[in-house]
Amino acid sequence: MALTVLRSTGQGSWEKRILKSLNSMCTELSIPLARKRPVGEQKELLNKWNEMGTDEPDLSLFRPVYAPKDFLEVLINLRNPNYENGDSLSFRTHLGLIQVPLKVKDIPELKEFFVELGLTTGQLGIDDSTQVPPELFENEHVRIGQKVLAEQDSAAAQQYVRQGSPTALRAELWALILNISSQPEDILYYEQLKTNVIQHDLLVDSLIYKDVKLTASNDDYYFVFEDYLYQVLLCFSRDTSVLGHFAYSSASPPKSYIRGKLGLEEYAVFYPPNGVIPFHGFSMYVAPLCFLYHEPSKLYQIFREMYVRFFFRLHSISSHPSGIVSLCLLFETLLQTYLPQLFYHLREIGAQPLRISFKWMVRAFSGYLATDQLLLLWDRILGYNSLEILAGKILAAAVFAFRAVNLMEVTSLAAAEAVLADLSTLKVMPLLQIFLFATVT
Amino acid sequence: MSRPKNQNYKGHGLPKGKEREGEWDFYWCDVSWLRENFDHTYMDEHVRISHFRNHYELTRKNYMVKNLKRFRKQLEREVGKLEAAKCDFFPKTFEMPCEYHLFVEEFRKNPGITWIMKPVARSQGKGIFLFRRLKDIMDWRKGTAGKKLTSLEAQPARSAINPSGSHDTRSSDDQKDEIPVENYVAQRYIENPYLIGGRKFDLRVYVLVMSYIPLRAWLYRDGFARFSNTRFTLNSIDDQYVHLTNVAVQKTSPDYHPKKGCKWMLQRFRQYLASKHGPEAVEKLFSDMDNIFVKSLQSVQKVIISDKHCFELYGYDILIDQDLKPWLLEVNASPSLTASSQEDYELKTCLLEDTLHVVDMEARLTGREKRVGGFDLMWNDGPVSREEGAPDLSGMGNFVTNTHLGCVNDRKKQLRQLFHSLQGQKKVPS
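Heads up: the sequence lines are chains B and V, in that order. Residues 302 to 742 in our numbering are what the first sequence spells out, letter by letter. Residues 108 to 537 in our numbering are what the second sequence spells out, letter by letter.
Quick caveat, the hints were computed from the structure, so don't treat them as lab data.
Below, simulated EDC-like cross-link-like pairs (lysine to aspartate or glutamate); rule was C-alpha separation at most 16 angstroms, straight line: (1) V/K173 / V/E202; (2) V/K176 / V/E202; (3) V/K383 / B/E596; (4) B/K728 / V/D517; (5) B/K660 / B/E718; (6) B/K599 / B/E492; (7) V/K383 / B/D673; (8) B/K728 / B/D673; (9) V/K415 / V/D467; (10) B/K370 / B/E718; (11) V/K383 / B/E473; (12) B/K321 / B/D371.
Which stretches of chain B does chain V cover? Using the computed rule of at least three CB atoms under 8 angstroms from a CB of chain V, they are: (13) 462-476; (14) 521-529.
Derived Cβ-Cβ restraints for the label pairs, each shown as a range: (15) V/P386 / B/T638: 40 to 46 angstroms; (16) V/V515 / B/E357: 35 to 41 angstroms; (17) V/N398 / B/L334: 54 to 60 angstroms; (18) V/A388 / B/E410: 41 to 47 angstroms; (19) B/E357 / V/E298: 25 to 31 angstroms; (20) V/N398 / B/I332: 55 to 61 angstroms; (21) B/I332 / V/M245: 50 to 56 angstroms; (22) B/G313 / V/E460: 55 to 61 angstroms.
Even glycine gets a Cβ: it sits at the ideal position worked out from N, Cα and C.
Could you put the whole structure together from the sequences, leaning on the hints where they help?
Encoded structure:
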């Protein structure tokens, strides 16, 4: 149902807004969307390529084009004009913010889909803790992982990481699942993107700089990787191969017209070249990957692949089960069904749960969970080829369930935010298991 | 009864201990107080004080080098070359000015390498500079410090130095001069440090020594890696900020942003290395670090004035090179206890709490514990095994040392269990 409808109503108008924002910034600051760099500047940038973080350009006039909460407002206002109120009784009682009746899995269906996360199956993130002797699960699991890598079996790798990946094997396993192998042509392609960055300056570059400085550079752990983030994101925005993902996305890349030729298709170019306008927090998609990959072109390839497979769904409107709209809906449904008291309480005090958990989901929890937990989580995204588990709903719902006692006592949105502000001590896998498999349905 | 001065802590910096005649049972003191008062202060049996009288044998760079060199020779004589080689974790160091000529010999043998000049007794990165040419030292010698050096080149024997250990090293000839002269050490600079994100870092690790004879030392599980704010390059020898990873120096760098704190907890560091190099390489690195702690303490064991009232919490600074070899930069007897972030504050508060637990003023422990909170007993007049029961000293078998640096620190839980079981034990009549 919804793809075409959502595309025309939700995504379309959202895209128009973003573009308008970008264009007005351009006009206000009298900065062109793109310009060729003078030779002197090119040389300077090339010299500083490995330490772009030391640059302190004046970014005070730039603002992020949008932040997750702006996006949430758009989602809340989505309506399906074809929807008849007479249908689906259960949806009429849906009290969450999302008012689009998409089909989402319920807990029995989720249990089936995520069967490998069940209580009787060994997991990294639970069964490798200090209390459990390694012979019981961990050693064998590592051995199997090594075998999967030796055989270069991508499908087996995907199945394998459903139970978590051992730290030492993770980088190779993910590369195997994503079909990334650093061929000379890949390295060449990256070098070409780099040349592109050196030669042309884009307005988006300033947005990227600003985002990195605001988010990753201020993070207690990711600040170290600041330089890598520029090297990846600046090249990413010039990569036209990324345009390919729009074929299966409900979004369409923003277009810009050569001066004076507005509306004439033959004078249209995609802007930025990869069609993706970064928002506040975008650089956090890349930051955790810096833990695993240290060679810029490989880091780049992995990120690009993760983006076109998963991350793009988190900030565009679609009816896909891994799309952000479905994830939000699933979160709210789970919470309302299984923790109704908590849900109603929070609603009463004006703290709609989605307002708090939305930012976690949009960023796939990057920057909110401790890195080792985040990587265990992303193991499962890759393993199940779905964002449902985490970035999604389940984890968000599990977090609420976990802090339920405290949340029942709060009396304001601000207090609720405070209870949920720090997720850095959470252990992902036990949370998920308890919520999925130990809750009485 | 006990009036721990640690009440002053909680992140507000080192306490200036107030002296109250005979009223204290536990004193977290300043080294300057120690210097002036230790020798004529009577302490009851149960009293504890947080420094050893002559800790500078370990913490002042020139003394530490001498002690280590001597210990190494002893090991070579008594055990063999292989064992002695385990002491090669300290970059080649020469005391200035007395070893100047030895230094020049070494310098000439290795043209082109970089050296670092450090004042012997200052901290927080003050007075340090790098050089590659002898000319740079000549200039420095000719400067204020240099003028005094020429007359001091015949340095008095160490025992004649003011026993309070101050860095005032006047010889009898020079008593007319009022300006105190510092000693420096010239040390081989490690040019291939391990980099993360293009940045240099060093590790701060905490070791608690409860006694030297016999040697009883505890290793704290938590610690941190301190990053330089700028990218590492050998081209900018003049850029003091690049090479010195001390947070105190970093704080004055123009790039410094206070929110960052530029530190990683050791757990994060350990995980990062494991994902890059695999668990075995990481095990070896950490085991090499254990070796640094133990050997450095052993090298001063016979020199430190042993006193049952004393204990000491050391801050070890370790640098890792690209071959994953750890190097000892220095040992601090008064590691900074001010906090640069929330995480830092928690680490230091817990560190202090656990130190007090081990010191055990209330005499709750049995003395047979191998772990107290975040501290693991690393050395107890011999290696301590992770396993229960007597250690396997034959060197065969699966001897795993009882150290967990950078590992999970579930100290609250452990402390609960420990004190719960101690309660239970007390109930049994002896």
